[in-house]
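Fit chain B to the known structure of chain A by using the hints.
Going line by line, the protein sequences match chains A and B.
Numbering of the first sequence is given in my numbering, commencing with residue 1 and proceeding in unit increments.
Numbering of the second sequence is given in my numbering, commencing with residue 1 and proceeding in unit increments.
Bear in mind the hints are in silico, worked out from the structure with no lab data behind them.
Errors might be hidden in some of the hints.
[As the list claims (entries may be wrong)] In the BS3-like style, the derived pairs of lysine-lysine whose C-alpha atoms are separated by at most 25 angstroms in a straight line are:
#	chain 1	residue 1	chain 2	residue 2
1	A	K281	A	K327
2	B	K167	A	K328
3	A	K135	B	K15
4	B	K178	A	K327
5	B	K209	A	K146
6	B	K209	A	K174
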Amino acid sequence: MSKNKDICVELRNITKSYDNIPFLKNISIKIPHNSYFCICGPTGSGKSTLLKIIAGLEKPDQGEIFINGKKMNNVLPEDRGIGMLFEHMTYALFPNLSIYENLIYGQRVRGVPAEESKETAAEMLQLIMLTERAKDFPDVMSGGMKQRVALGRALMTGAKEILLDEPLGALDAKIRLNLRKELVSMVKSLGDLTVIHVTQDIEEALMVSDYVAAIFFGNILQIGTPEEIYNHPNSIEVCSFFSTSNFFEGSIIGLEDDNAVINMQGTTIRVKNRAFSKGDKVVIAIRATDLTLQKQRTSDTNQLEGRVLRHQFILGFMRYEVELETKKVIVVNQRYEEGTAFTENEKAMVTFFPSNILLFPHPGESIEKKVIF
Amino acid sequence: MPHIEIKNLSKGYGKVKAIDNVNLEVFDKEYLTLLGPSGCGKTTILRSIAGLVQPDHGEILFDGKNITNLPPDKRDIGMVFQHFMVFPFLDVWDNVTYPLRVKGKSEAEIEEIAGKALNLVGLSRRVNEMPEELSAPEMQKVGLARAFSTGSKLLLLDEPLSALDSKFRMEFQHELRKLVKGLGLTAVHVTHDQSVAMNIADRIAIMRKGRILQVETPMKLYYAPNSIFVCNFLSNSDFLEGFVEKQEEKQSVVRLRGFGPKITIPTDKWERRKRLVLAIRRNEMSFGYEASSKTNVLNARIINELFLGAKTIFQVRLENEDIVEAEILTKDIPRSIGREVTLTFNIEDVMTFEYPDDLAYELALE
Chain A
1 MSKNKDICVE LRNITKSYDN IPFLKNISIK IPHNSYFCIC GPTGSGKSTL
51 LKIIAGLEKP DQGEIFINGK KMNNVLPEDR GIGMLFEHMT YALFPNLSIY
101 ENLIYGQRVR GVPAEESKET AAEMLQLIML TERAKDFPDV MSGGMKQRVA
151 LGRALMTGAK EILLDEPLGA LDAKIRLNLR KELVSMVKSL GDLTVIHVTQ
201 DIEEALMVSD YVAAIFFGNI LQIGTPEEIY NHPNSIEVCS FFSTSNFFEG
251 SIIGLEDDNA VINMQGTTIR VKNRAFSKGD KVVIAIRATD LTLQKQRTSD
301 TNQLEGRVLR HQFILGFMRY EVELETKKVI VVNQRYEEGT AFTENEKAMV
351 TFFPSNILLF PHPGESIEKK VIF
Chain B
1 MPHIEIKNLS KGYGKVKAID NVNLEVFDKE YLTLLGPSGC GKTTILRSIA
51 GLVQPDHGEI LFDGKNITNL PPDKRDIGMV FQHFMVFPFL DVWDNVTYPL
101 RVKGKSEAEI EEIAGKALNL VGLSRRVNEM PEELSAPEMQ KVGLARAFST
151 GSKLLLLDEP LSALDSKFRM EFQHELRKLV KGLGLTAVHV THDQSVAMNI
201 ADRIAIMRKG RILQVETPMK LYYAPNSIFV CNFLSNSDFL EGFVEKQEEK
251 QSVVRLRGFG PKITIPTDKW ERRKRLVLAI RRNEMSFGYE ASSKTNVLNA
301 RIINELFLGA KTIFQVRLEN EDIVEAEILT KDIPRSIGRE VTLTFNIEDV
351 MTFEYPDDLA YELALE
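The shape of chain A in the complex, shown without the other chains (with noise of 0.2 angstroms):
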């Protein structure tokens, strides 16, 4: 990322320990200005305690917070002109102003003229879905409402920085596809904004965002495009957290061209890459879309034999838990069909294609506690 003067927020080497236990550890970012900033990791990983750091509900140990060049350490967080929206600070909408009151109460406050409130309220009345219920106060809405009100009034306190946490985490399924998508566009729209939004949902943080911090116990492993995180993990922590993906041991027996000669299990596989050298132990992974499952043998390399555990209809796909002779349980997502589906305790050849082969070092003890959810 680039010079400094393009850097809106800035972490340096931020700790915060909570009990003698550290939580995060020796963190640093750098987030460029007009950018939309992803935090992304499973629960406990420290993700929404930076946020809060940034915001000023959590003062670090140790390290350093800048916010247009200026050091933060020390200012409260309601002079830090930052809008946020906090997961349990869902509710706080002010009771006694209706849902577009409440919308237009930053613009008010910084006397924008009404007439430009009202345009920017009505778009984003129609981006929350709640065009109709303007005029309803929050007491009648349901939780999912209350909360897209929420995300609206953040939207629009006129802040130039906005901290989301979890902005779409109580809605339902289908509505938050939805709104992620329309978020975007609006924050575009809305223009020169700076977002930092924490989100344990991967989806949501490759789709809305120009970076994503992939955080897991309290470190950032890797900060890149939503691509460089999903096609070039840095590890098998980014891997087999931002995808679906199997992880199998084994070791070089030998480089032929660009490929390397993989023993992987008993089984022979060749892959795309000059990274390693012979007899290097590596971790092989392979994403759970670049299996297919098939009823018979058709090739002698590239095929496990396994047995279908479970089965799960996702949206025109079928999730397959499948068991190896190893009896290590794989997952394969493929498409449904009909007439070819496979049921359980079927038989099935799991195969797969060395140009989507993923290698990582290995890291010298059990891949188990490598893998993160």
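Relative to chain A, chain B alone:
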């Protein structure tokens, strides 16, 4: 042999009709889910079956017998709740045996019934543990064992999986169905989660605003929805407006609005000039290579790309300015993707609906 019939059931709270003249039949040993957005009335139906809600009109029959006015404790029902409803001050054994003790069963009976129920859910070795020592899925298994030990053949479940993490949910839902089927129970399960309903039920009753819109097997609901709402609620589809231009044998040609492109639909049931809404599931579209007599091929221009990891959503504009979203598996995207594309989808995969009075209402999600 619980076979439930619900006839003309209505219940209002003030001006709001929670359920509005609902008719529903649940067959013996069937696993049925009530699916719909928050506030659609699904929980009111469940609570009426349980006797926890007294309907304003209509009746409920168990095996042909009218039980509408029977108090809940006389209905012989096992219930499982979202928030477990486990007594925190009782250990696993006392939680599971509680209803048996209330019913005044003998110690020997209690031992046998509760022992079996705990065995079924895999908690036989945890009987002395307190709820705080259990994980969320284990806590829900206690709730399930308690429901099983009532000995009732009818199991009512109110969002039993929604307090579980997604990684446990799939496993639990699989086990739950297996247990219910193994015991030969009739189950009515309320959920707002499409995926849970699709994977656990024999049939799904899909609801909106107090009414049941369709009752069908999961695959039929997904592939042959009877309304725009059901289609939109269960799948990610694009909806396009057009008029029937020509009827052919077993198929017809629809011209999209604004003198747009032609789309062949797999039915001849709509007369010429009829105004229709066409629905196409987004994950069944592809950027075309082979056009055949079985596919529709449309010229389009990519206007936006949304990367979701395993799949990418492309927003494309058709010749008539309609915007369509196609969900393409990221690995299937040709590398040298141009801005002009041909969008293809099977004729068989186009669903058709009569143009409704209020399309925005049909497409709303609440």
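Hint-by-hint comparison with the structure:
no.: 1; hint: K281/A to K327/A; result: 21 angstroms, holds
no.: 2; hint: K167/B to K328/A; result: 18 angstroms, holds
no.: 3; hint: K135/A to K15/B; result: 19 angstroms, holds
no.: 4; hint: K178/B to K327/A; result: 22 angstroms, holds
no.: 5; hint: K209/B to K146/A; result: 20 angstroms, holds
no.: 6; hint: K209/B to K174/A; result: 17 angstroms, holds
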